[in-house]
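So the sequence lines, in the order shown, correspond to chains A and B.
Residue numbering for the first sequence follows numbering that gives the first Met the number 0, starting at 0 and increasing by one per position.
Residue numbering for the second sequence follows numbering that gives the first Met the number 0, starting at 0 and increasing by one per position.
Don't read these hints as lab results, they were simulated from the structure.
It is possible that some hints are incorrect.
Said to hold, decoys possible - For each label pair, taking beta carbons as the anchor points, the in silico distance ranges come out as:
#	chain 1	residue 1	chain 2	residue 2	range
1	B	S44	A	E61	42 to 48 Å
2	A	G240	B	R27	49 to 55 Å
3	B	I72	A	G53	50 to 56 Å
Heads up, the beta-carbon is just placed ideally off N, CA and C, and yes, glycines get one too.
What follows is each chain in one-letter form.
Number of protein chains: 2
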Amino acid sequence: MSTQRYGTIHGVGLGPGSPDLMSVRADRLVRTAGQIAFFRKQGRSGHARRIVDGLLRPDAIEFAMEYPVTTEIPLSDPRYKTCLSDFYARCTARLMETARSGEDVVVLCEGDPFFYGSFMHLHSRLSGHVPVEVVPGITGMAGAWNATGLPFTWGDDVLTVAMATLPESELVRRIRDTDALVVMKIGRNLPKLRRAVAAAGREDAAWLVEHAAMPGQSVIRLVDAKNVAPYFSIMLIHGQGRRP
Amino acid sequence: MSTQRYGTIHGVGLGPGSPDLMSVRADRLVRTAGQIAFFRKQGRSGHARRIVDGLLRPDAIEFAMEYPVTTEIPLSDPRYKTCLSDFYARCTARLMETARSGEDVVVLCEGDPFFYGSFMHLHSRLSGHVPVEVVPGITGMAGAWNATGLPFTWGDDVLTVAMATLPESELVRRIRDTDALVVMKIGRNLPKLRRAVAAAGREDAAWLVEHAAMPGQSVIRLVDAKNVAPYFSIMLIHGQGRRP
Chain A
0 MSTQRYGTIH GVGLGPGSPD LMSVRADRLV RTAGQIAFFR KQGRSGHARR
50 IVDGLLRPDA IEFAMEYPVT TEIPLSDPRY KTCLSDFYAR CTARLMETAR
100 SGEDVVVLCE GDPFFYGSFM HLHSRLSGHV PVEVVPGITG MAGAWNATGL
150 PFTWGDDVLT VAMATLPESE LVRRIRDTDA LVVMKIGRNL PKLRRAVAAA
200 GREDAAWLVE HAAMPGQSVI RLVDAKNVAP YFSIMLIHGQ GRRP
Chain B
0 MSTQRYGTIH GVGLGPGSPD LMSVRADRLV RTAGQIAFFR KQGRSGHARR
50 IVDGLLRPDA IEFAMEYPVT TEIPLSDPRY KTCLSDFYAR CTARLMETAR
100 SGEDVVVLCE GDPFFYGSFM HLHSRLSGHV PVEVVPGITG MAGAWNATGL
150 PFTWGDDVLT VAMATLPESE LVRRIRDTDA LVVMKIGRNL PKLRRAVAAA
200 GREDAAWLVE HAAMPGQSVI RLVDAKNVAP YFSIMLIHGQ GRRP
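Isolated chain A (complex conformation) (with noise of 0.2 Å):
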């Protein structure tokens, strides 16, 4: 491929939520782009946005990639799989439209951009094709232990980060068999994933983590939560293992 005259796609990770939690190269990359782009729910201003707020530059061109379904249509209909699948290869058109003008996009990236993240649904269509870079960022868990003001893994602790969307049976199995845990994607899974952590005998060790290193942020014990949650809510349970 000759990209001699080609833009690059940056996915940049801007950490847990708190702006000055990203990182210095992240930081320099958002407040000098020209175009950003950035996924967000219909009708919803977007976190990843909402982290950037005040530092763009005025004239920065922004690309909202909306999500056409989040939650209405369950995972396992294919409709889902199908719906997802052209929304990304939009997304994919036009950010290599703009590569291919000579021209750098910043993706904003809520944490991580390779943990868990909407961006390697880019990457993956991307690489290979036009020039792409990638900042990490401090991962949404990190801040939420952060936010307990607990040391989270010691030691020899295994650590397993499993996500509420697994079937309740696995959870629990996942939940007996580790030292340290984090349970991401929780949303409408919390009253299973609290019933999991429950039959695994764990209750009294489990925070319940909302908008870590945000406005808002909360920290609870797992027991004193309702049966809501949002979507990017986290749940911790701390490792104890080996110390001098």
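Using the hints, position chain B against chain A.
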């Protein structure tokens, strides 16, 4: 406790190694610090200290906390625990003295301070006595998966983070029972880890990353590795989960 005239001990995550992967908050604290502290092995300059080379105030006071022992005494030997415990108590006493004199101290931490970090041993001793603040950082493992250039975890993938210090049979079991994998604290445990990965049938999927996001970064297939690796090298197996 009366903290009105006390300084604050800041545990500051520096990220995986490249200075511009520090957060904006960390960068500001490091550049303005009057006093810094960092761990290092005797006779070495120290990883954390090297990351901030050229960023410090010329008049910054430096406190090098030199491990009395790292790998010379086996973990199972009771002298190991006593020796390290005394060491952390001495470091804590010195930091507490500085804070009580009204001075802040920035403790330099590789990666994220609460993720398998030595700072946690100070944090648990300082908390409740003097003000302690923690700045999260990009973990070494995020630096490592970013170095491979490939997205790491997708959809419902389960991620397991395990230390190579675990028994071989336990490593085999953990590798068999996960989608994505991170193994840390490798060093002299590399031959054992390679046997475990082979026994679990995941040899073809495993990467070894050394010095991620640092000069001398190396990303190789585990099958191409020699039988020695730095203690801070990281082994990865990427998840292969759901993707539209």
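Is it true that B/S44 and A/E61 lie within 42 to 48 Å of each other by Cβ?
44 Å, holds
Taking 49 to 55 Å as the stated bounds, is the beta-carbon spacing between A/G240 and B/R27 within them?
32 Å, violated
Does 50 to 56 Å hold as the CB distance between B/I72 and A/G53, or does it fail?
The hinted range 50 to 56 Å holds for B/I72 and A/G53, with Cβ atoms some 53 Å apart.
Hint 2 from the earlier list is the only one contradicted by this structure; the remaining hints agree with it.
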